[in-house]
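In the order they appear, the protein sequences are chains A and B. Residue 216 in the working numbering sits at position 66 of the first sequence; the count goes up by one each step and never skips. Residue 178 in the working numbering sits at position 28 of the second sequence; the count goes up by one each step and never skips.
Keep in mind that the hints were calculated from the coordinates and are not lab data. Heads up, none of these hints are tricks.
It does not matter which identical chain is meant; a pair holds if it fits inside one copy or across any two.
In the SDA-like style, the derived pairs of lysine to any residue whose C-alpha atoms are separated by at most 25 Å in a straight line are:
id, residue 1, residue 2
1, K330, G315
2, K328, D197
3, K333, A163
4, K328, P307
5, K328, E308
6, K333, E246
7, K333, P161
On a predicted model such as this, the values are computed, not experimentally measured, just so you know.
There are 2 protein chains.
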Amino acid sequence: MARSVRTQDFPLAQVRRWLEPGAVVLISSRWQGRDNIMTAGWHTVMDFTPSLVGCVIAQGNHSHAMIRDSRQCVINLPTTALTEAVVGIGNSTGAEVDKFRTFGLTPAPATRVEAPLIGECHAQFECVLHDDALVARYGFFVFEVVAAHVAVSPQRPETLHYRGGGEFMLPGRYVSRKAKFTKVS
Amino acid sequence: MARSVRTQDFPLAQVRRWLEPGAVVLISSRWQGRDNIMTAGWHTVMDFTPSLVGCVIAQGNHSHAMIRDSRQCVINLPTTALTEAVVGIGNSTGAEVDKFRTFGLTPAPATRVEAPLIGECHAQFECVLHDDALVARYGFFVFEVVAAHVAVSPQRPETLHYRGGGEFMLPGRYVSRKAKFTKVS
Chain A
151 MARSVRTQDF
161 PLAQVRRWLE
171 PGAVVLISSR
181 WQGRDNIMTA
191 GWHTVMDFTP
201 SLVGCVIAQG
211 NHSHAMIRDS
221 RQCVINLPTT
231 ALTEAVVGIG
241 NSTGAEVDKF
251 RTFGLTPAPA
261 TRVEAPLIGE
271 CHAQFECVLH
281 DDALVARYGF
291 FVFEVVAAHV
301 AVSPQRPETL
311 HYRGGGEFML
321 PGRYVSRKAK
331 FTKVS
Chain B
151 MARSVRTQDF
161 PLAQVRRWLE
171 PGAVVLISSR
181 WQGRDNIMTA
191 GWHTVMDFTP
201 SLVGCVIAQG
211 NHSHAMIRDS
221 RQCVINLPTT
231 ALTEAVVGIG
241 NSTGAEVDKF
251 RTFGLTPAPA
261 TRVEAPLIGE
271 CHAQFECVLH
281 DDALVARYGF
291 FVFEVVAAHV
301 AVSPQRPETL
311 HYRGGGEFML
321 PGRYVSRKAK
331 FTKVS
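Please construct the entire structure, taking both the sequences and the accompanying hints into account.
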């Protein structure tokens, strides 16, 4: 079983460093005393400051109404230590199972939202709903990240990048071209 | 210099297989007889059918007005064979340079849009603007992919995943959990 991770606060304007490479995330929510988690891969960074992230949370997901009504969630970044939980959560519904209990995850208190952090994740981004203009049409929520917590180590966690067909791509080597950037963010 | 790639048509409902893992893309456009390319990493799949992709193309980008006014573009998927072009395109502006010429890329005719394909890219997704509700506010364009072309090989191209700070993550190994999916798409 995965262990809870020791985190530290992370600059909101740099949250993109974790989300832009396209890893699968676990979105946790709380509404009317019930917690839930969903697996999601359809998300994008939208701005640095305020720190905005757009996510598709389709109406068919049990989390959709919970997040629409509570207007908050936590976007958690899992690693391969949580592969089975990521898959299990994505293939079951909060209408039937308690996802924290079923998958052995630890709900931890957040600082700015009621929704729980997932203690075992490499990073946790506390979000409040910033723009719901496309929620009804596409289930597309624009969130503002209002608090960010990232594990002290490792610097290059083994995130999961979904390729469809039940297959995930894992990170390989890194290459830097920093010297060729006119400005680096 | 990279070579043009031999492609075949690809099912629109499965375009997510290429974009969901979060690789950097090159977005090509044409407006009033001029072509341009921008590097972009802020994008997400939004639906299978119609095949929808959302992209942030900020107002500060020369491509913004070209794509807003022409209402089309091509999302091209580069590999590490194009690393220097990806970085160079992202650190120069179409207001000053002809990106195809400067970076040795080949504009190829698309089938459904006027914007050119980039011949050297692993995949090319022809897009028409589907929803501009969030364009003015965030530069967020919702595109429908109306034609898709993907290289015959390799099956697992070396895409570039931006981590900020001038650094890219490359793909490593793949893991399958297909047997644990209730349905696979």
